Amino acid sequence: MASVAAWLPFARAAAIGWVPVAQNPMPPPPVRRENHDGADEKLRINVSGRSFETWRNTLEKYPDTLLGSNEKEFFFDEDSKEYFFDRDPDIFRHILTYFRTGKLHYPKHECISAYDEELAFFGVMPDIIGDCCYEDYKDRKRENQERLLDD
Amino acid sequence: MDNDIDDFELVVTRYRPEGLDTLVKNTKFSRKELQIMYRGFKQECPTGIVNEDTFREIYAQFFPQGDSSAYAHYVFNTFDVDHSGTITFEEFVIGLSVISRGSLREKLEWAFRLYDINGDGMITKDEMTDIVSAIYDLMGKYAEPVIDETTPRDHVETVFEKMDLNRDGLITMDEFMQTCGKDDMISQSMAVLDTRL
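Chains as they are written, first to last, in the numbering used here: chain A, 1 to 151; chain B, 1001 to 1197.
Bound conformation, chain A alone (with noise of 0.2 Å):
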């Protein structure tokens, strides 16, 4: 819904094509959200290392996540204004592309133990992984389970 808010003036103005024909007066407009422009901040996030930026309202898509709800602000480090997290930074790319584009990718090359904490580290759930990468995910995921049997 987030990037979706961008389209909040076409969907008022469109209704200008209800007012001819409506039998009552439009109400007033609501009032003015004091965060307003806070909804489109930029802020940096700081993976081991690894600067990332990304808009506000990109991690607010997914409230229930660590990124989108308040839960970050534990990672917020008020000397350098940054969110910091001591993990890795090759598999939070994935996690950030998520956020962006409402799929999520597992990465071949990562070992799916280190994938999954990650992404349970950061509150994403590996059921929405995209049918690109479903597969291979869940193909791992059982040779994984098999070889933890064997021992």
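Rather than coming from a laboratory, the hints here were simulated on the basis of the structure. Fair warning: this is a prediction, and the values are worked out from it, not measured in the lab. Errors might be hidden in some of the hints.
Listed next, the in silico SDA-like pairs over lysine to any residue satisfying Cα-Cα at most 25 Å (straight line) [to be verified]: (1) B:1032 to A:60; (2) A:42 to A:25; (3) A:42 to B:1044; (4) B:1032 to A:55; (5) B:1032 to A:12; (6) B:1182 to A:12; (7) B:1032 to A:41; (8) B:1042 to A:142; (9) A:103 to B:1044; (10) A:61 to B:1025; (11) B:1042 to A:102; (12) B:1025 to B:1045; (13) A:81 to B:1036; (14) A:42 to B:1032; (15) A:61 to B:1197; (16) B:1032 to A:103.
Given chain A's structure and the hints, the job is docking chain B onto it.
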């Protein structure tokens, strides 16, 4: 197999809009507003072109309680001035500039084009009924008072009563402008629908 993939990638068309400065000049939006809108546009339509399906999906997110597809279809056609089936960012933003910040007359002209589904310069009762039904669908179960099947027809009769000045069953642009332009409620309502980003 490889060829199939190459062919598939070749048909992906990309569109790059005119520069930001040009759009600042040609629309009533500020630089910052255009930036915010283009980022939202590219996020939903990475190729830079919006087709009707995407348009409907975006619309549906604003009206989850009703069925917005019919209204979205009519709005899409009004924006798609050259009837190409796609809308570029310029078409989108120039149309939006007119309907959100244009003069009362420009806004009314847009509404007229929306109702004039076949584009022949006149609004028939059937056309008006299609539009009114689409608006009722959009409102869904939150419409007040609760609507039934005869409501759109009755509603259209009321509108024609007011706008069809010579009683020939058709509303022309002149009749539309005369009746809507004089109506205080319409003029005031037209003014409240703009959003500043």
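Verification of the hints:
1. B:1032 to A:60: 21 Å, holds
2. A:42 to A:25: Violated, at roughly 38 Å.
3. A:42 to B:1044: Cα-Cα ~19 Å, so holds.
4. B:1032 to A:55: 15 Å, holds
5. B:1032 to A:12: Roughly 19 Å between the alpha carbons, so the hint for residue 1032 of chain B and residue 12 of chain A holds.
6. B:1182 to A:12: 23 Å, holds
7. B:1032 to A:41: Cα-Cα ~13 Å, so holds.
8. B:1042 to A:142: 38 Å, violated
9. A:103 to B:1044: 13 Å, holds
10. A:61 to B:1025: Between residue 61 of chain A and residue 1025 of chain B the Cα gap is close to 33 Å, so the pair fails against 25 Å, i.e. violated.
11. B:1042 to A:102: 14 Å, holds
12. B:1025 to B:1045: 24 Å, holds
13. A:81 to B:1036: Since the Cα atoms of residue 81 of chain A and residue 1036 of chain B sit roughly 24 Å apart, the hinted pair holds (cutoff 25 Å).
14. A:42 to B:1032: Holds - the C-alpha atoms of residue 1032 of chain B and residue 42 of chain A are around 14 Å apart, at most 25 Å.
15. A:61 to B:1197: Status holds; Cα separation ~19 Å.
16. B:1032 to A:103: It is violated: about 28 Å lies between the C-alpha atoms, which goes past 25 Å.
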